[in-house]
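Student: Below, each chain spelled out in residue letters.
Protein chains: 2
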Amino acid sequence: MPAQILDGKALAKKTEQELAQRVADLKARSNGQAPILATILVGDDPASATYVKMKGNACERIGMESLRIELPASTSTDELLAKIDELNNDPNVHGILLQHPVPEQIDERRCFDAISLEKDVDGVTCLGFGRMSMGEEAYGCATPKGIMRLLEAYDIELEGKHAVVVGRSAILGKPMAMMLLGANATVTICHSRTKNLPELVRQADIVVGAVGRPEFIKADWIKDGAVVVDAGYHPEKVGDIELEPLVDRVSAYTPVPGGVGPMTINTLIYQTVESGEKSIGQ
Amino acid sequence: MPAQILDGKALAKKTEQELAQRVADLKARSNGQAPILATILVGDDPASATYVKMKGNACERIGMESLRIELPASTSTDELLAKIDELNNDPNVHGILLQHPVPEQIDERRCFDAISLEKDVDGVTCLGFGRMSMGEEAYGCATPKGIMRLLEAYDIELEGKHAVVVGRSAILGKPMAMMLLGANATVTICHSRTKNLPELVRQADIVVGAVGRPEFIKADWIKDGAVVVDAGYHPEKVGDIELEPLVDRVSAYTPVPGGVGPMTINTLIYQTVESGEKSIGQ
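Protein chains in written order, with the numbering used here: chain A, 7 to 288; chain B, 7 to 288.
In isolation and in its complexed conformation, chain A is listed as follows:
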């Protein structure tokens, strides 16, 4: 049986249609008020500018608005905090995205954590992570939450499965591990200090590549029938997992590109719509 392709691109597209309808419904019952995502771009990194633009475009596609805030590269922590505070207190803003990375003079963690829980639709705050980990209501971190939504859409069973997450970043590996745990998977978290990584990956019913190094995880580490989730994307159009030899012997996999990537922005707008629904016209 050929592997199931976990088609994030298709799911994102389908979800956008549903979200467009929800935004239209929301507008209809609130004199035209749409959810608004505020995006903050600090400095002029071209890749970051592109990401912010893509996020703004996704908002537009579903009839939502985005408020694009661009701050100079010389912005201080206090100036950024003041802007976040202003957005926290603006009742017309339903979600706040602070594009990572910010210039190095800024205390990024402090700025992320200044985003109010209700508007943390990108799921970057320590509080949101803690609440999600404990099963309390919070928006999930966009990439791992997008992966969870993708696995759910394809009815991938997680309960009792052994998930091996390779990588432990704040916005990917750690929240991914806690989300899989919340779904009753047994979870192993591996990272740069892990010994015998191939052996550990070989045990995985579900493997998540979240290391940020091209094809770092080798195909022959992965057992037959596994579910392969690749959160990496590199200029050579490969992910973190050597995927090509696997497509005929795993049970399901996310293609690169078109798997995890589209789900990240989709989750951001999905959660912004949720936030809008909670506050508009209530």
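Worth double-checking, as some hints may not be accurate.
Treat identical chains as interchangeable: a pair holds within one or across any two.
[Stated by the list, open to error] Subject to a maximum C-alpha distance of 27 Å in a straight line, what follows is the list of computed BS3-like cross-link-like pairs (lysine-lysine): (1) Lys-243 <-> Lys-59; (2) Lys-229 <-> Lys-201; (3) Lys-201 <-> Lys-224; (4) Lys-284 <-> Lys-89.
Hints are computed from structural coordinates only; laboratory data are not their basis. Because the structure is a prediction, the values reported are computed rather than measured.
Given chain A, put chain B in place with the hints provided.
Tutor: Coordinates of chain B only, in the frame set by chain A:
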């Protein structure tokens, strides 16, 4: 070589001497002001009353004060929140302990999370958990943090080791896993839905029993030379791990009683002293 006994009782006693000195120093430079731990006991569960008393006694032994607050079993969430708010705003209180469990009409998670980060010396808030997980400053949850302190005192190497945590509770398994990850261990989190638990435990360089069931983890699941940490304690004076057959073939273990248990209260008072040092006479 016989296994090393990770003697929490002895370490707690030694630490109390150091803490008593720190409290004395603090008093000397602040006109006699000592750190104060506020303990909140809701209802009349005898076991909870005993725990609170033990915590108050530990404060006294090191020259610290405790403010014992006892609320009736009929206390509402709002009443408890009001009390916590009062303590958050009391500059003479440096730590707040809300004894678990509270009567069932109370929203315990909401009350835990109402404790301000600076006074969460028992490490029970979602925010504190999130910050600790991300490597930010926060008081650790008392039992897992006590285990980390015990492992550190005995120079147990964690980096690159495979730690298997059996249990995923909010105040034990989850924070334990994130602390071990922070110490660069590879971490597997197992729980009630885990399949092939014996096989997973067999891989552990470090195994942490945190399930709350007497001798649930069998000796023959544990490999020679492992480090065995038992966070359980049951009326029959055994922990979560079948320990007796292991003492000659593991490299180190926490005795039950006298291992993890004494480190929990010790960590509570240790963190209260830290909190006091941060705010008194600054």
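Student: Run every hint past the structure and note whether it holds.
Tutor: Results of checking the hints against the structure:
no., hint, in the structure
1, Lys-243 <-> Lys-59, "within (21 Å within a copy, 62 Å between copies)"
2, Lys-229 <-> Lys-201, "both (18 Å within a copy, 17 Å between copies)"
3, Lys-201 <-> Lys-224, "both (15 Å within a copy, 26 Å between copies)"
4, Lys-284 <-> Lys-89, "within (23 Å within a copy, 30 Å between copies)"
The structure fails none of the hints (numbered hints given earlier).
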